[in-house]
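Chemist: The chain contents come next:
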Amino acid sequence: MGLISAGTTIFDAGVVNGIGNMILVSSVTASSSASITFTLADYKEYQFYFVNIHAATSGAEYQFNLSIDSGSNYNVAKTSTAFESYHTEADNGAGVIYQGGADLAQGTGDQQLFRNLDTDNDCSYSGSLKLFNPSSDTFAKHYMARGNGMNTSPTSIDFNVAGYANTASAVDRIQFKMSSGNIDSGKILMFGIN
Amino acid sequence: MAVISAGTTLIDAGAISVPTGALILIKSITASSSASISFVDGASGVVFDGTYKSYIFKFIDVHPSTEADNTVFHFQCSTDGGSNYNTTMTSSHFRAGNYEDDSDRFLSFNITQAQSQDTDFASLINGSIGTDNDQSASGFLQIFNPADTTFVKHFISRTNSHNLNNVSMVAYNGGYFNTTSAIDAIQFKFSAGDVDNAVIKMYGVT
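So the sequences go chain by chain: A and B.
Heads up, the first sequence is in the numbering used here, so the first residue is 1 and it goes up one at a time.
Heads up, the second sequence is in the numbering used here, so the first residue is 195 and it goes up one at a time.
Chain A with its partners taken away, still in its complex shape (with noise of 0.2 Å):
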């Protein structure tokens, strides 16, 4: 059965019209969490948005991995590349520097998304992470990320990572958490773009 108005049909055979393609599938709160995961189907693309993510242990790196196995790992081999642009808040260093310190080659680790967090009541970071065809099982795994935070120094830092995960396999899980203690706060929220 559709339902036409004005002319305008608004749905028929299943597919509501006007209402949009990117979904909130998921929405996770961290309160004081060891990670935080999420289970991928079969969606083209993926975006997660990360809304003040807190670090409850200072220096510690926001990060993430996949899984291949429903979970029982995170050790997907991925090639990344990471570089930065900065400003110190005391306006005395500045640039677009390359950091080898978070990129992969092949490495099984985790991925980071941010360096060196401050614990300060007001430090986080916010940012997006594009993760594409996780589900497929011919094509390496592609993904991009780019967000903004503060760190120990203190540092407004656009951090930029992206990659690809090495395998062939469907990617059905993926897990942020901190390099070293817990997430003490933030909003992690994930879309599936149709």
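A portion of the hints provided could be inaccurate.
As the list claims (entries may be wrong) - Within a straight-line C-alpha distance of at most 30 Å, the following computed BS3-like cross-link-like pairs (lysine-lysine) qualify:
1. A:Lys44 to A:Lys187
2. A:Lys44 to B:Lys247
3. B:Lys221 to B:Lys247
4. B:Lys221 to A:Lys44
To be clear, the hints were calculated from the coordinates, so they are not data collected in a lab.
With chain A fixed as given, assemble chain B onto it according to the hints.
Modeler: Here is chain B on its own, set in the frame of chain A:
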């Protein structure tokens, strides 16, 4: 006919009144040994006019049929319904790369991919994608207000590719089509060979 639930009008006069998403899928094309992929306003259900102030194209696993140095995946726009894809543009292009074997990494401007009032196709990636079965590129291109007849038309893109030399390569491209004519078509292709595989999705942003 209106649909009213608990006193709230959900549907009336051909519109949904509740908050909905702002990213509207207009057209999805799956390439299979395709010489090029085009989205032309008014053709095959494509809307590429003043309906939306911004359009986003998503590239999912773009895979070439030909592996060769300097074979890039690129795009151009048309102001005459797709008869010609040769709109003048000025753009910048920078990239970061890291080798799988950890032998090198870099971040730099790429002048060869930047355009200065050129009418060539503009590269969306840096370097060449490999043709190994698992090698591809994914990313997006956003074009702002293409139907405007006053301003130039800005665009930005970001892609990540699995390079033929086993390099993870992210490419940032930004620029403008230096025309006050409305843009009404866009074409994607490789500089040599076919698009062996790809899904390209076109969205309107409300």
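Chemist: Going through the numbered hints above, which ones does this structure break? Give me the numbers in ascending order.
Modeler: Of the numbered hints, all hold.
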